[in-house]
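Please construct the entire structure, taking both the sequences and the accompanying hints into account.
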Amino acid sequence: MKLIIAIIQPTKLEAVKEALSKVEVFRLTIMDVQGFGRQKGYTEVYRGHEVTVNLLRKIELQIAVNEDFVEPTVSAILDAGRSGPDGKIGDGKIFILPLDDCIRIRTGERGPEAI
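Residue numbering for the sequence shown follows my numbering, starting at 922 and increasing by one per position.
Among the clues, some could well be false.
What the hints assert, rightly or not - The list that follows gives simulated cross-link-like pairs (lysine-lysine, BS3-like), each with its CA atoms no further than 27 Å apart:
1) Lys-938 x Lys-1014
2) Lys-961 x Lys-1009
3) Lys-943 x Lys-1009
4) Lys-938 x Lys-923
5) Lys-933 x Lys-923
6) Lys-933 x Lys-1009
7) Lys-1014 x Lys-961
8) Lys-1014 x Lys-933
9) Lys-1014 x Lys-943
10) Lys-961 x Lys-933
11) Lys-938 x Lys-1009
12) Lys-933 x Lys-943
13) Lys-943 x Lys-923
14) Lys-1014 x Lys-923
What the hints contain is simulated information worked out from the structure, not anything from laboratory work.
Structure follows, in structure tokens:
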């Protein structure tokens, strides 16, 4: 079992959800997050003062999958989350972590069956 954490642009959320459903990945958790990376933010004028915004809004997806679904899930996120054929700075990251155990609260099932 693996936990896939993907940080993507908010504008790509619907495309990524659609791509995941095509590879039969339907269970995910979505969070609004802010981050600072190579994009470095931007400046804007607010009430006559220049303000630097360096924490940019992103979407974090957390997806627990069995081993067979790791590559299809990653491929779906890469294809749908990338801006254009070559991508752009700020498109995001994907982290793949080992998942020791999973327990379904309703039934008490454990392991891959609980996912």
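Outcome of the hint check:
1. Lys-938 x Lys-1014: OK: Lys-938 and Lys-1014 at ~16 Å, within 27 Å.
2. Lys-961 x Lys-1009: Answer holds: Lys-961 to Lys-1009 is near 13 Å, not above 27 Å.
3. Lys-943 x Lys-1009: Holds, at about 24 Å.
4. Lys-938 x Lys-923: holds, 19 Å
5. Lys-933 x Lys-923: holds, 23 Å
6. Lys-933 x Lys-1009: holds, 13 Å
7. Lys-1014 x Lys-961: With Cα atoms ~15 Å apart, Lys-1014 and Lys-961 stay inside 27 Å; holds.
8. Lys-1014 x Lys-933: holds, 13 Å
9. Lys-1014 x Lys-943: holds, 21 Å
10. Lys-961 x Lys-933: holds, 20 Å
11. Lys-938 x Lys-1009: Holds. Lys-938 to Lys-1009 sits at ~20 Å (cutoff 27 Å).
12. Lys-933 x Lys-943: It holds: about 16 Å lies between the C-alpha atoms, which stays within 27 Å.
13. Lys-943 x Lys-923: The hint holds at about 19 Å.
14. Lys-1014 x Lys-923: With a Cα-Cα distance of about 16 Å, the restraint between Lys-1014 and Lys-923 holds, given a limit of 27 Å.
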